[in-house]
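Modelling step: build the complete structure from the supplied sequences, incorporating the hints.
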Amino acid sequence: MTLYYSSNQNFIFRIGAFTSIPDVYDCFANLPKKSCKKPGAEIEMIQLVMTLLNWNWTMIDVVKEYGIESQYGDPLPGNPKNYTGIIGLLQKGLIDMAVPSMKITVDREQNGSIIFSYPFRFFQQIYIIETPTEADFRNFIFTTFTTDVWLMIIASVISVIILEFLILMLEEKDMPLLQKISDSVTEPIGIILRQSVKRHKSIAHFIFQGNLLLMFVVIYVYFQSIMNSRLTAPEKQDLPFTNQKGFLDILEKGERFPTYIEDKMPDCSNEENCKRMPQIFKKNPIRLGNTFDDIVEQIKKGGIYYADYDIDFIPDVSSVWSYKDSMTIIRDPTGIRSYGGFAFNKKNVRLRNDFNNALTRIMGGITQINLASGYNERKPSTSNSVTPQKVTLSLFKHFEQLLLIFGIGIGISIGIIIIEILLFKFKTIKLLLIRQFK
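Start counting the sequence shown at 1; every next residue gets the next number (the working numbering).
No wet-lab data here; the hints were simulated from the structure.
Hints are not guaranteed to be accurate.
[Said to hold, decoys possible] Straight-line C-alpha distance at most 20 Å; calculated PhoX-like pairs for lysine-lysine:
1. 64 with 33
2. 81 with 346
3. 264 with 282
4. 253 with 301
5. 264 with 275
Following this line, the structure appears as structure tokens:
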């Protein structure tokens with residue numbers, strides 16, 4: 001490849017960049033003089049291209065060198081031809097190419113006087129939300145039963161302990177009070193945990209404990225079955241929205257709020273959304289985050305983060321963004337698809353063309369650079385598993401018969417206790433009468 005500047009030993013290709021993990025890491029500024037173990041996915045691409053072109057090149061940290069913010073830049077108020085940020089540096093000729101890659105737009109090409117490399121990134125609008133509770137494995141234990149069922153179980157255990165204490169008060173008159181209190185708690189819990197307990201003389205005690213055991217055996221089976229189904233085939237997430245219209249509807253109701261790294265609305269996907277968006281964002285303004293950790297905190301408070309993301313790494317409409325932070329990423333199938341590439345000064349057409357020629361030679365390995373080097377990963381789809389019917393066991397729908405049987409058993413136990421009390425009283429009175437007549 002013969003280049004017009006190849007004979008010029010003083011030529012140095014200036015690449016301006018700012019940190020943008022995982023595409024550009026902090027150590028990029030040392031290149032090419034000092035090696036960098038993990039410079040970033042896009043920096044590795046540039047290193048390969050520079051090697052193919054055999055150019056003299058240097059990396060410039062534009063934040064440190066020129067004191068700008070880590071932003072691509074926007075048109076100046078009242079002067080749409082002049083841009084801030086790294087695009088402004090390109091316009092002034094202070095750098096030859098801007099990194100990281102940016103979205104290719106008509107406004108940037110026409111008003112910003114910049115040109116782009118071949119697109120190697122394909123973006124679509126995405127939203128990141130906190131994972132819906134029913135799809136969060138951290139809650140799979142308690143979501144097996146409804147709140148009513150859990151309250152019924154707790155109330156049953158408490159009532160059983162009280163009833164056990166009353167039985168012991170009548171049956172074990174010689175037992176110390178503290179022992180009665182202890183046994184009234186440990187024996188029902190032992191039965192619930194299917195442990196052996198003391199045998200009692202009372203028929204009421206036998207029926208009572210048998211009834212308690214029957215109830216909890218049924219609950220065990222229900223609980224284990226539902227929990228196993230949730231683990232082996234978790235239900236499909238019930239997403240709050242799947243497109244920009246749904247996103248705007250939620251913001252309009254005030255159920256959630258938008259969050260972003262700058263005060264900038266997302267690109268609208270159709271004419272109706274374009275009309276609605278300014279009014280909705282005025283009523284429900286953007287909550288800003290300086291870092292992605294700040295954004296994560298906002299998401300956990302009910303925020304919705306919006307951005308453009310490379311569709312190579314989000315295979316489905318709904319994917320897992322982070323198991324650790326319990327966040328889900330939603331890809332808007334109706335959203336605008338856009339392309340991304342490196343930006344050049346408009347005067348550097350020949351530089352851009354030569355760069356493109358080398359870029360095409362490594363285009364097939366770009367995905368491999370992203371995935372194999374650990375910079376990016378394909379987000380696991382939330383729809384890769386079998387989707388069973390969502391079942392949460394309710395008190396009256398699933399446990400009505402069990403509750404009825406348990407109630408009858410408790411009633412029988414109480415009835416027998418009353419009979420035993422009456423018999424005991426009758427025997428006591430009979431003995432007193434016999435003694436009197438003697």
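Going through the hints against the structure:
For the hint pairing residue 64 with residue 33, the CA-to-CA distance comes to about 18 Å; that is within 20 Å, so the pair holds. Distance hint between residue 81 and residue 346 is fulfilled; the C-alpha atoms sit about 13 Å from each other, no more than 20 Å. Pair hint residue 264 plus residue 282 holds up; C-alpha atoms about 12 Å apart against a cutoff of 20 Å. For a cut-off of 20 Å, the pair hint linking residue 253 to residue 301 stands: about 16 Å separates their Cα positions.
A distance of roughly 16 Å separates the Cα atoms of residue 264 and residue 275; the hinted pair therefore holds under the 20 Å criterion.
Of the numbered hints listed earlier, not one is contradicted by the structure.
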